[in-house]
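Student: So the chains spell out like this:
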Amino acid sequence: MAQKKGFQMPLEVEYPKELEGWEEMYPPMYIFSKDRKEWEGKHFWFHDKIHAPEAMYPLDLIFQEAWQISLSQYTTRVFCIPPAQGIAQRMVGCYMYITPVAPPPQEIIAEKAPLFQKRVFYIFDHYDELWGVWLKKFKALGEEMNSIKVPGDFPKFESDDTVFPEPRGYYTSYEVIEAWDKLVDLMIKGWQYHFQYLNLAYLAYLMFGDTCRKLFPGISESTIGKLVAGAYVQMFRPEEELCRLARLAAAVPGLAKILKSDMSADKKMEALKKSAEGSTWLVEYEKSKDPWFYVSCGSGWFHYEGSWTTKLEIPFGYIKGYIERIEKGEKIERDLAGIDTARAKLAEEYQKLIKTDEDRKSFNDVYRAVRTIYKYAEDHLFWVEHWFHTIWFDKVGVFGRLLVKRGLLKAPDDIYLFNRFEVPLLMEDMATTWALGEGVPSRSQYWQAKAEKRKKILEAAKKWTPIPALGNPPEEIAEPFTVMLWGITTDKVQDWLKGMAVVPGEVTELKGFASSAGIVEGKVRVVKLLEEITKIQQGEILVCPTTNPAWAPVFTKIKASITDIGGLTSHAAIVCREYGVPSVTGTGIATNVLKTGDTVKVDGNTGIVKILKRA
Amino acid sequence: MPYTLWFDKAGKEAIGLVGGKNASLGELIKADIPVPPGFSVTTETYLELLSGGGMKEKIEEILSRIDLQDVASLENASKVIRQLMTEASLPKRIEEEISFNYQTLAQVFDVPNLPVAVRSSATAEDLPGASFAGQQDTYLWVQGSDEVLEKIKLCMSSLFTPRAISYRIKMGFPHEKVLISVGVQKIVDARAAGVMFTLNPLNGDPSKVVIEGNWGLGETVVSGQVNPDKFVVDKVTKEIESTISQKWTECIFDPEKGMVCHLDIPHERQEIQCIEDQEVLELARYGRRIEEYYGCPQDIEWAIDKDKPFPLNIFLVQSRPETVCSQQKKEPVLGKKSAYDLLMEKALQRIKIGS
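If you read the sequences in order, they're chains A and B.
Under the numbering used here, the first residue of the first sequence is numbered 244, with each subsequent residue one higher.
Under the numbering used here, the first residue of the second sequence is numbered 2, with each subsequent residue one higher.
Hints are computed from structural coordinates only; laboratory data are not their basis.
If a hint is listed, it holds; no wrong ones were tucked in.
Below 30 angstroms or equal to it, Euclidean Cα-Cα: the simulated DSS-like pairs (lysine-lysine) are:
no., chain 1, residue 1, chain 2, residue 2
1, A, Lys-595, B, Lys-331
2, A, Lys-604, B, Lys-331
3, A, Lys-588, B, Lys-231
4, A, Lys-778, A, Lys-510
5, B, Lys-231, A, Lys-856
6, B, Lys-338, A, Lys-604
7, B, Lys-231, A, Lys-457
8, B, Lys-231, A, Lys-802
9, A, Lys-856, A, Lys-778
10, A, Lys-530, A, Lys-432
11, B, Lys-347, A, Lys-604
12, A, Lys-618, A, Lys-574
13, A, Lys-532, A, Lys-382
14, B, Lys-347, A, Lys-754
Note that this is a predicted model, so its numbers are computed, not measured.
Make a model of the complete structure from these sequences and hints.
Tutor: Structure (structure tokens):
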């Protein structure tokens, strides 16, 4: 095959010995296979650093499985974007690779076109009311997940009230199995909803970008982003709620004193309960908490990130900081109205520069369309990846503890070492041994040995650097997400090909997307794992595989951000623009090339990062 | 009719008297643009020059004898006419008026023998092929009343370069219908200078201002003798995309030789940005203002004064309509399409990738 211009073929990848057995952690369709060699070899597979930058825990793969189906079906079977197909996933040594599927035959494209037209234009016409309906539906789904009752333990004997006046007919064994199945079903369903309007939002954004470039050939990508970005984005609401609570507390010296202290969050809550004012404040805290503190400390994609509801030190830490800033007379809230006005003014000024009335009319029409639907791309994020996922992790935690209590696993989080098709086996084993009566062994040793082995494989995988891509780069891509979210373009692929021959120490310049304007110089901090985010110092430049909005408060600390992966509407790009922090996304190799302490110049206007001095 | 007119007293309504270039300086001043001060010597003065000593008739006679096929006859006629004009004297009262204006200008700046630029400004600039009038003549660093008067006559005689004469004959354009005025303008002792377009001439992008500049006077940029520094400024976001070139030569006035010279730029200064970002933004701001004032894209010459502090050091020396892009028909680039048309187009598009 065309080995020279492409990457290694999937089946040719060699894995370190320590990774042996990694395949069994994931469903069989996720493994590159001889029986699908021809189809797989024709595609171009790249490491999805956006959704799976790290070695994948088998149960965390559920979100990926869910988006593969959902994203793809909206493109191929629902909204029928004519030449585009879905995005397929594979695992390569614990890392997830994806590919945009090659375009369908011409006759399928022709069949899809009228369906697209009929369905998509309808959505654009009715988006405002449809968003309300979507949110109501999605909240109901989350509430349903929240209301799943997971038994805390298996009772020695079922209680009387399950027998009188009429035996219930099903008991704890079934309840556990049912609860797990329902939890999984709801997660998959939530992800079906996730893409309801997202493909269209991205498509509209791409269309708007084209329109801008036709009118203003030199317009920067970051300006296009700024024109589209809304100020009233739901993802920023958690931070606003923190500001609100900080203001309430700052007004009462006694409360402020407790919240500013170095006590743990639990101790602070106890101390607050002792006064009437403190109790009132805690009521307000609870009001904000549901739903706004159902926020992941990371992207929402990994169980080990934790959330503001499980890691209380995080919201309480932010509140402490805000109170201190209020007391210094600083303004802590972002001026949303100001951001919105600035955006409107920006659009107005470009609009004035358009030479003909016909073009102005088209531009206004396009702008209205993209502004309407793009809100979805910004707003769904909080509800799905954060609120909904936080509920999921809370529930999975209950199952994890139950498995430990029944002796099947050693630690609650070990449940994440089993994929979603394997967990029902654990449930079945647990329920069966309980039902069989006293003294019946489960296969706990089998499960625990598996968990141990998988932990070791994942540790080894973390130390292994997967290659950026496999197979042959395609001649064309028609799949909107590939371009928008992952930033896969001809240049990117060429850079990757070049990058494989590059010695990291010899690189002097990186090129990526100019995703948030501004130029700064400073020292970098390379953050490859999410836990390291807390090490960031004031004024450093963040270098990471990809970022996400829950890191928002970090963005007030950093001077700029550089990512390996991510297009103009990647989370990093959006959040940097919101905070006015210069950003270059999609450099491909920043985390490999840069070392903490290197001095660089980040140019968010041109997308170029210059390495000025090595640490 | 006045023989001289200060720039700020004559805008486009006075184009017949002061010519296109001077009238445009008057317009710039009206639009609150910092233009180096000066005055026009009007077409009335030109007519006075011709009417002295039967010169007009002599010129007509010489012109009538030209054989266009014979290059030597054309060259000779031009030479004789230009000599006639430069050797003639203007009426005393006009000479005095010009001297008085020059001295006034020198007093304002408190510089005796103030260096000025003397430039021709023809009245036929709005005609197609306007360059035929020979109005390209410019004399830099002219000092003292006598030299000013001499260069004014030289500029006026530039209406009779061989090229200008032959062009008018070929086009059947009567010689006496083309009049010329001359501008006398305080020269900017430029640290850096260059040109500015209020759109990107490369791709017609109306949201950009493109500024090109070099150290010293603007001649090196205008004539393309160096690769200038280039700044593309977004009119809305004010983002600057800079390209700093290696600039090896600059034009400056050499007081010892008493003339404008080309000097090699020392190595350490060759790759230094010749204007600061704040100056780039200030220039772009003026560029936009001029464009808005005229309602069409402009091609502007500018200079940054050596000694004055920012922002008083910024001067715009000349502005004219940008010719290439603005003469293209204003066709809608989006083809009158709606958002849905464009969305459908985008949905059908495939993005080429790979080699």
